[in-house]
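Read off the chains here:
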Amino acid sequence: QKEVEQNSGPLSVPEGAIASLNCTYSDRGSQSFFWYRQYSGKSPELIMFIYSNGDKEDGRFTAQLNKASQYVSLLIRDSQPSDSATYLCAVAGTSGTYKYIFGTGTRLKVLA
Amino acid sequence: SQTIHQWPATLVQPVGSPLSLECTVEGTSNPNLYWYRQAAGRGLQLLFYSVGIGQISSEVPQNLSASRPQDRQFILSSKKLLLSDSGFYLCAWSRGLAGGPGEQYFGPGTRLTVT
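In order, the protein sequence lines correspond to chains A and B. The first sequence runs contiguously to residue 112 in the working numbering. The second sequence runs contiguously to residue 227 in the working numbering.
You may find that some hints are simply not true.
[To be verified] Restricting the straight-line Cα-Cα distance to at most 25 Å, the calculated cross-link-like pairs of lysine to aspartate or glutamate (DMTMM-like) are:
#1 A/K99 to B/E215
#2 A/K99 to B/E138
#3 A/K56 to B/E215
#4 A/K42 to B/D197
#5 A/K99 to B/E171
#6 A/K42 to B/E134
#7 A/K42 to B/E215
#8 A/K67 to B/E215
#9 A/K99 to B/E134
Source of the hints: derived by calculation from the structure; they are not laboratory data. Keep in mind the model is a prediction, meaning the values are calculated, not measured.
In isolation and in its complexed conformation, chain A is listed as follows:
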């Protein structure tokens, strides 16, 4: 059973639309939750982190965490072609460790 699951996509949205990316995790003891953006051939870039239930907004990005449902999501408003990338969900603090577990990523395509 995968510890962090994401739909691999591709998720295609038109320019200006809202892109919604989802992630589920299996360990209820997880403490920290992250979203990374990875362009092809580049290293992952941290774009959002969230530690408590609810929503967290930063510019065009909103992260949502529901620990009861073991669910994390990322909303990207006013999507731009430059947002086209693979988005990785990561969960940390499982089993009381400093390990970070990554999903396999969702490929997002924003169509101009």
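Given chain A, work out where chain B should sit, using these hints.
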């Protein structure tokens, strides 16, 4: 501000040759350090992590090893490379928070091709 360096950026090595990849972090002290591998089109595989000098946790057996000779230096090594060792190697650091792991930041990566 903090900066993480990795070198070399690209490497082509024959099967059976040794490997040494280096990672250093600037602008922070006592970071948690990580090595990941990403095979082509795949997710990130955690290889090793370290929460302090001399403390290395291994997630992957086989022919890789890691060392942390200084607080902000993390080295990934192999005595004999396998074809399956090809991939994108990423070093990362994080600062531990009182409540658990904090944000993790990645270096630029080393692309290794074993021929």
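Hint check:
no., hint, verdict
1, A/K99 to B/E215, "holds, 12 Å"
2, A/K99 to B/E138, "holds, 21 Å"
3, A/K56 to B/E215, "holds, 15 Å"
4, A/K42 to B/D197, "holds, 19 Å"
5, A/K99 to B/E171, "holds, 10 Å"
6, A/K42 to B/E134, "holds, 18 Å"
7, A/K42 to B/E215, "holds, 19 Å"
8, A/K67 to B/E215, "holds, 18 Å"
9, A/K99 to B/E134, "holds, 20 Å"
The structure shown violates none of the earlier numbered hints.
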